[in-house]
Amino acid sequence: MPRRPFKRYFRETGWRHLIGIAVAVFAIFPLLYVFSASLNPGGTLLTANALFSNVSLQSYIDLFGSERQPYGAWFLNTLVIGLATAAGTVILGALAAYSFSRMRFTGRRFGLTTLLVVQMFPQMLAMVAIFLLMVQISEIFPAIGLNTQIGLIMVYLGGALGVNTYLMYGFFNTIPSSIDEAAKIDGAGHARIFFTIILRLVAPILAVVGLLSFIGTSSEFVLASIILIDPDKQTLAVGLYKFISDEFSKNWSLFAAGAVLAAVLPVALFLALQRYIVGGLTAGSVK
Amino acid sequence: MATPTIDRDAAVETPPSKKSRRAARIAEAAGAGWKLLIFKVVALGLIDALALYAALVLFQSEQWVAAIAVLVVTGVANWVYFSRGNLPAKYLIPGLIFLLIFQIFVAGYTAYIAFTNYGTGHNGSKESAINSLMLSAQERVPDSPAYELTIVEQLGEYSFLVTNPDGDVELGGVDRPLEPVDNAEMDGGKAVALPGYNTLNFSQIVANQEAIAAIAVPISEDPNDGSLRTPDGSVAYVYLSSLEYDEAADTMTDTRTGTVYSDVGTGAFTSPDGEELMPGWQITVGFDNFVRAFTEESIRAPFFSVLTWTFVFAFLSVFTCFAMGLFLAIVFNDPRMKSKKYYRLIMILPYAFPGFLSALVWAGMMNQEFGYINVVLFNGADIPWLTNEWLAKFSILLVNLWLGFPYMFLICTGALQSIPDDVQEAAKVDGASAWQIFKSIKLPLLFVAVAPLLIASFAYNFNNFSLIYMLTGGGPRDVTADVNVGATDILITMVYKVAFVGSTADYGLASAFSIIIFLLVGTISVIAFRRTKALEELN
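Order-wise, the sequence lines are chains W and B. Read left to right, the first sequence gives residues 0 to 286 (numbering that gives the first Met the number 0). Read left to right, the second sequence gives residues 0 to 538 (numbering that gives the first Met the number 0).
Hints are computed from structural coordinates only; laboratory data are not their basis. Treat the hints loosely; a few may be bogus.
To be verified - No farther apart than 25 Å at their CA atoms in a straight line, the calculated lysine-lysine pairs in the DSS-like style are these:
#, chain 1, residue 1, chain 2, residue 2
1, W, K241, B, K496
2, W, K241, B, K125
3, B, K337, W, K6
4, B, K441, B, K339
5, W, K6, B, K339
Let's have the full structure, built from the sequences with the hints guiding it.
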């Protein structure tokens with residue numbers, strides 16, 4: 000292919016690269032900034048401005064040694080709550096999607112529409128009622144009430160149906176029901192068809208729903224902040240926010256290290272499963 | 000599961016005779032996977048045991064409705080899982096239970112709270128308000144007789160074992176008025192121990208001094224008789240409230256000033272000149288909270304400015320992100336351009352980065368004194384990015400653009416690529432310019448595809464709590480307002496602050512705001528979805 004003259008190259012594609020570079024800088028700069036700040040030992044907000052001037056992993060080590068902000072506990076709590084919620088969401092959602100997709104029953108259409116309508120009242124709006132309900136529960140069953148992680152997970156599972164059922168329902172519909180019928184003729188019951196055949200075939204959507212649920216739960220702030228009270232029971236979102244609003248500019252590098260560590264897992268998962276997520280997005284989910 | 004089960008659907012479809020149904024049942028029982036059956040029995044057994052325990056505890060604490068609800072739900076679940084058929088219910092019940100409690104019930108509960116005055120100073124029944132008012136106004140009666148006291152403990156709860164000035168022995172505790180006992184162990188005219196109770200020794204009293212000093216034991220069922228308190232753990236004195244409750248007239252009288260406080264229906268005892276005794280109690284106030292939101296000047300003004308900003312913010316954030324995403328999608332949607340995927344990878348990083356962290360990081364960069372933007376980019380300028388009303392609004396939109404454009408870029412790219420090429424080829428042949436093709440062909444087609452997503456994005460941003468709360472905290476604060484709001488607060492952060500931030504909480508008002516948000520978002524979504532006909536695609 001003959002080389003295009005620069006003028007023509009620029010008019011056709013060169014300018015696109017200029018815009019691309021500008022946008023890439025805009026997109027990545029805050030991330031580079033926080034990464035650089037995390038490598039700056041004992042740095043404040045002001046010292047963080049000299050990017051990559053001082054490189055050490057000290058902040059990451061200090062992060063786990065501090066008693067006042069139990070970062071290790073936060074990280075573990077976030078993982079536990081996020082994974083438990085994601086697993087529960089996938090199971091409950093898949094069960095519901097299976098029945099909506101494969102069975103015909105009275106109230107099916109009504110049920111699907113109701114799920115859509117219920118989603119318009121997000122749990123966040125009911126924060127006061129959820130808080131008061133948890134207060135009452137903890138008066139009688141302290142183990143699952145206010146200030147317990149099981150309580151928080153149960154609250155999150157209240158939102159397990161809804162959007163997730165929709166995503167899964169659409170995917171379940173793409174699996175031809177002749178597969179079920181063949182299995183039925185071979186003598187398999189509904190439970191066997193569901194657990195051994197269908198669940199394997201819909202694995203991609205289970206992964207997407209689980210991932211979206213994990214990412215969503217692990218950065219959820221409102222409900223986590225009102226239900227979890229003790230610092231060592233809190234999640235990263237609540238803990239890091241409290242930490243940074245208490246002493247904003249002093250311990251910036253510690254916060255930055257905490258933020259980088261907190262982001263590694265979601266970002267890695269996101270990039271690894273990019274293909275599915277982009278597909279899921281166009282099917283209607285929002286971050 | 001090694002053995003197959005029979006086809007239940009088929010059994011349902013052809014109405015079977017009694018005999019064949021029985022045959023089917025036996026066949027299923029024989030072949031229906033005994034492992035599955037055992038699993039079912041064990042799992043349901045565990046759940047039933049837990050539910051029974053929960054119901055018993057609830058009955059004991061007199062939560063009748065909750066106890067019955069637990070029993071009914073468990074009963075229904077057992078029936079569903081042990082009966083033939085009801086197949087859809089078997090798959091729906093687990094999710095539905097959580098949905099019913101933590102989404103539908105709490106939505107209804109929110110509506111209920113919105114009609115009450117629940118909040119600081121109004122969080123209990125009238126009875127407990129009367130008791131705590133009397134307690135808080137207690138003073139020692141001068142020259143009152145001393146009661147010889149032994150503090151005893153049973154199951155972690157302290158009781159007063161007193162020998163009154165007449166020599167009678169009585170026992171009482173918090174919420175348990177004094178009652179005579181006759182089997183106490185006496186030592187020199189003073190009761191010192193009681194069978195079944197542990198007597199606290201001196202060092203135990205010292206160790207629990209604070210808890211013991213807080214105990215007030217009512218002398219009788221009538222709160223006006225006063226109660227016993229102890230300063231040292233060995234002698235108790237009569238304390239009388241300076242408030243006197245008249246049950247017949249339902250009034251509180253301050254015995255020192257003679258002011259009569261009466262129940263005028265506002266959930267607190269109120270004096271003739273409007274002074275309220277706190278704590279009050281919880282009452283249903285009807286539409287008061289909604290009326291307050293729309294009429295009471297100190298709430299109405301901030302409420303309307305927050306409402307306006309919520310709409311402006313939600314609209315502009317969708318618009319800016321969509322415009323930038325679409326522009327980039329068009330720029331990169333060119334087959335001649337190389338290394339697109341690297342740009343794409345970098346551009347979706349902000350979307351992958353957890354949202355609450357992004358807001359905190361940007362809050363650092365936008366810090367007025369030390370932030371990177373002022374110190375480095377603007378060479379030490381003193382720009383109040385987050386503390387000036389208008390700049391704070393601008394900053395929020397900028398950060399939201401950073402967070403949101405990758406999403407729009409991704410969906411616009413997808414939508415653009417799904418528009419077939421031959422449409423624009425045909426237009427080109429007809430002599431349409433690139434701009435005309437874009438405006439009249441691509442854009443309308445694109446809108447059909449992304450309109451539902453734009454509505455969803457609008458609804459999401461309407462409640463974009465973490466961005467606002469983490470970046471500006473809703474600030475700068477509006478000091479003239481009666482409620483804790485600032486220039487960048489949106490409705491959902493306002494709800495959070497009214498209910499959970501600061502020293503006072505107004506759950507009733509916060510819930511009323513929640514209901515208003517729901518009505519707004521719900522109405523807009525329904526109208527918009529109707530237009531895009533998304534609902535009709537359900538099959």
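Given the hint that K337(B) pairs with K6(W), does the C-alpha gap stay at or below 25 Å?
holds, 17 Å
Taking only the CA atoms, is the gap from K441(B) to K339(B) under or equal to 25 Å?
Holds. K441(B) to K339(B) sits at ~21 Å (cutoff 25 Å).
Hinted pair K241(W) and K496(B), Cα distance within 25 Å:
holds, 15 Å
With the threshold set at 25 Å, check whether the alpha-carbon distance from K241(W) to K125(B) stays at or below it.
violated, 36 Å
Keeping to a limit of 25 Å between CA atoms, is the pair of K6(W) and K339(B) held or broken?
Answer holds: K6(W) to K339(B) is near 21 Å, not above 25 Å.
When the structure is compared with the earlier hints, a violation turns up for hint 2 alone.
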